[in-house]
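**Q** Protein chains in written order, with the working numbering: chain B, 1014 to 1309; chain F, 12 to 157.
These are computed hints drawn from the structure, not numbers from a lab. No false leads were mixed into what you were given.
Coverage of chain B stretches by chain F, computed from C-beta distances (three or more under 8 angstroms per stretch; other residues unrestricted):
{"hint": "1", "stretch": "1075-1087"}
{"hint": "2", "stretch": "1122-1133"}
{"hint": "3", "stretch": "1136-1149"}
{"hint": "4", "stretch": "1182-1193"}
{"hint": "5", "stretch": "1198-1204"}
{"hint": "6", "stretch": "1208-1220"}
Where is the CB? At the ideal position from N, CA and C, for every residue including glycine.
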Amino acid sequence: MRNSQRELFSGSVRPWVYPCLRIGFALVFLIRETSVLSPFVPLEHHRWVHGLDFSWSITRQPHLVSPMVMGLALGAGLCNALGYLRIGLAVALLLGVRSRASAALLALVSYWLMLSDRFQYLHHLHLLFLSIAWLSLGPLDARFSVERWLRGGPTTDRAPAWPLVLLQAMVISIYLASGLAKLNHAWLSGETLQTLEMLGVLRGRAWLFARNSLGYAPVACAVALTELLLPILLARRVTRRLGVFCGWALHLGVSLSMNVSTFGVEMALLLVAFLAIRAPDTVLARTIDHPPLSLL
Amino acid sequence: MPSRRLLYGLLLLAVLPPFVGRALGSGPFAFAMFTRVERYHLEVRAALPGGSRRFSLSELEPHLSRDARRVVLPAQGYGFGQEQVQLLEQALPDIARLVCELEPAASTVSLRLFHAPVTPANLRASSRSPLLNMPHEDVAAACHAQ
Chain B
1014 MRNSQRELFS
1024 GSVRPWVYPC
1034 LRIGFALVFL
1044 IRETSVLSPF
1054 VPLEHHRWVH
1064 GLDFSWSITR
1074 QPHLVSPMVM
1084 GLALGAGLCN
1094 ALGYLRIGLA
1104 VALLLGVRSR
1114 ASAALLALVS
1124 YWLMLSDRFQ
1134 YLHHLHLLFL
1144 SIAWLSLGPL
1154 DARFSVERWL
1164 RGGPTTDRAP
1174 AWPLVLLQAM
1184 VISIYLASGL
1194 AKLNHAWLSG
1204 ETLQTLEMLG
1214 VLRGRAWLFA
1224 RNSLGYAPVA
1234 CAVALTELLL
1244 PILLARRVTR
1254 RLGVFCGWAL
1264 HLGVSLSMNV
1274 STFGVEMALL
1284 LVAFLAIRAP
1294 DTVLARTIDH
1304 PPLSLL
Chain F
12 MPSRRLLYGL
22 LLLAVLPPFV
32 GRALGSGPFA
42 FAMFTRVERY
52 HLEVRAALPG
62 GSRRFSLSEL
72 EPHLSRDARR
82 VVLPAQGYGF
92 GQEQVQLLEQ
102 ALPDIARLVC
112 ELEPAASTVS
122 LRLFHAPVTP
132 ANLRASSRSP
142 LLNMPHEDVA
152 AACHAQ
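Input sequences plus hints: build the corresponding full structure.
**A** Dropping the structure here:
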């Protein structure tokens, strides 16, 4: 029992995984929270984000004050200032400047802005901010960091695994929660998918292909089953890679069939966390005692 | 590495929120992902000295944030969504307060939020009797009118 507890958090991983997630999430953040790509690629959020997301948009006083958490409501000046601060923090995160502090502050400020008006809540934004918050625990500037490049200093061959374990646990819980929520008659009978199609939410060739090949109920059951199987596949070392590919396929299918903004990309990025192979702590010690030839 | 107790605390913090969100019946934070589609409609009335007046939601538009408009304004007719209904339901007292401010002569403001799950069958029938059998929540707020 004690050994399994130790095994859950101990060990180390190759450090590439943290900077990879850092750069990925910083890019997703900058793309989703601004309209910077609107002249080049039309994205769903460009329909309502012009400039910075969450910037002050109320045109006349008095205004609706409805924060999700009491006391978090913001005025125009602070709201806009925090909006600009977020962009600075996201750029710092992308470049690897004070990465952990930038990530933690970015998540904090983003949650404050989102919760200051309950109508600003969206699942994919919550997932984005949550991922950045959990990432702030890891050694994000182990590679591809401007700050490390300027300062120099030794690079390590291994990084602690425990921040990654927490991120993986979050991903597994999301799949499990989503899968369990689908265990009801309306979903499993295909009625919900039919309703979403009638409302124009589900569309596109991928959806039509799946619907025509299988039908509403089998597609609904397959989605629920995949979401419930993914936690098992991802939790077990031997099936982890299969789980990652199943997850990527699921998110590709969903993203091709409906507008989920950046949710699919965020989940696909989080699945990268499962590709890092964990080695026991002894490997770290051995590497230091007997450096491999590549380090000499 | 942090202490084992802290790590297990963090693990619970990473795993539990979607389930707590679901247990509280809350759409937000639960990651239920399109499992329930609801239709919603909001009616706002202000009691004035000369009688009651029905407020059009479009009158609220300039006083709402961009994201609030996205959820509130469709309720003039019929909005669709899962989290939207719960967000709107929780915001009813705040909307009532805003209407009181916009209509200083009002003694009370009452809001009625109709919402019901959408199925293919009731979606087809909705054009005939949209509000038929739709459950609703009522919120009334005193405006402290002089």
